[in-house]
Amino acid sequence: LIPSNWAYLWRQGFANLHRPNNQTTILIISVGLGTTFICLLFLIQSILLSRVNLSASGNQPNMVLFDIQGAQKKAVADLVRAEGHPVLQEVPIVTIRLEEINGKTGAEIRKDSTKRIPRWAFSREYRVTYRDTLTETERVAAGKWEGTASADAAIPISIEKDYAQRLGLKLNDELLFNVQGVNMLTKLTSLRIVEWGKVQTNFLVVFPKNSLESAPQFHVLVTKVGEGGPSAALQRKIVSNFPNVSIVDLGLILSVLDEILDKISFVIRFMGGFSIITGLIVLIASVLISKYQRIRESVLLRTLGASRRQILVITGLEYFFLGALSALSGILLAMAGAWALAEFSFKAPFVIDVLPVVILFFAVTILTILIGLFNSRDIVRKPPLE
450 LIPSNWAYLW
460 RQGFANLHRP
470 NNQTTILIIS
480 VGLGTTFICL
490 LFLIQSILLS
500 RVNLSASGNQ
510 PNMVLFDIQG
520 AQKKAVADLV
530 RAEGHPVLQE
540 VPIVTIRLEE
550 INGKTGAEIR
560 KDSTKRIPRW
570 AFSREYRVTY
580 RDTLTETERV
590 AAGKWEGTAS
600 ADAAIPISIE
610 KDYAQRLGLK
620 LNDELLFNVQ
630 GVNMLTKLTS
640 LRIVEWGKVQ
650 TNFLVVFPKN
660 SLESAPQFHV
670 LVTKVGEGGP
680 SAALQRKIVS
690 NFPNVSIVDL
700 GLILSVLDEI
710 LDKISFVIRF
720 MGGFSIITGL
730 IVLIASVLIS
740 KYQRIRESVL
750 LRTLGASRRQ
760 ILVITGLEYF
770 FLGALSALSG
780 ILLAMAGAWA
790 LAEFSFKAPF
800 VIDVLPVVIL
810 FFAVTILTIL
820 IGLFNSRDIV
830 RKPPLE
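For the sequence shown, the numbering used here begins at 450 and goes up steadily by one.
Listed below are the simulated DSBU-like cross-link pairs for lysine-lysine, each with C-alpha atoms no more than 30 Å apart in a straight line: (1) Lys560 / Lys636; (2) Lys610 / Lys593; (3) Lys610 / Lys647; (4) Lys636 / Lys553; (5) Lys564 / Lys610; (6) Lys686 / Lys647; (7) Lys796 / Lys619; (8) Lys619 / Lys553; (9) Lys553 / Lys564; (10) Lys523 / Lys647; (11) Lys522 / Lys647; (12) Lys796 / Lys712.
Just so you know, these hints were derived from the structure itself, not from any lab.
Could you put together the complete structure from these sequences and hints?
Laid out in structure tokens, this is it:
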């Protein structure tokens, strides 16, 4: 395993990893486990930050006004702008129910043992919207987006991809919706992937333009306001002028969420630090246990003509390999865990913040070398006759 063209000191330092009574395996496991916890924390933070931006910078929305009636829409938007706040989104919402899928009612579908459509698919209310374009948090995964309905055909709709799979839907399926007493035949023409982590309105079902404009509906307005005084002032004016309008202050929710995430991060950091400390204790104990063996090696090497400096270099290289292997194995394990969380839990792209990973690798390696050399200092000091 050791290249023959390596210098003797490097070959000897690497060979020490599999000396008799070595503690290589337990050290790599203990120090590597601590490295895994620390590295996994940084990787998860990077993934979450790429998935959801909780900061108050830019135009990140932090207030939602809903239950706005059609006659109030313009007045509410004008009031928000007059207070110096942007109108980031203004969305109509219509409440509907699903009646049939491909001409079959929920009761008929449930009799078919080959169909596994949830019962609540027909009993729940769907809050949908209509528009002619996709938002920045959506992209078409299958089919073709149709933004305008025609009068002589079934209304084209788009459904969120995962939800369509849960209902067993496929492209060109016909769905009959009850729009508050009026049946409306639709055709599934596209499946969308939606980034639910964004702080804005997202929908399972989206209708095209020229389809639901005349249906009973309310509106939602999304804005961004400053914390403290500006937020309270806007809420007072909205309540006094439009008492039916409800307000959700996302700034408060996000601040509470930030506190929770900080506490979780502290726990993970503590666990990682505790594992690192445990590994270092094992490292020190291993050095003490193998001290007699190291003294014998030192005597043999010095009898053969090795200097104290050469013995110290061999010892340092041994701990370099030990620290590097521990750090590398811990980082690779953390990357695998972070990838699995991103792929199967967070449903987010796997993002690596390289700088903390590189710093962690060198920190663990250097710390292992320093502790190993510090605990081995007596070995090189003793003369061969002792």
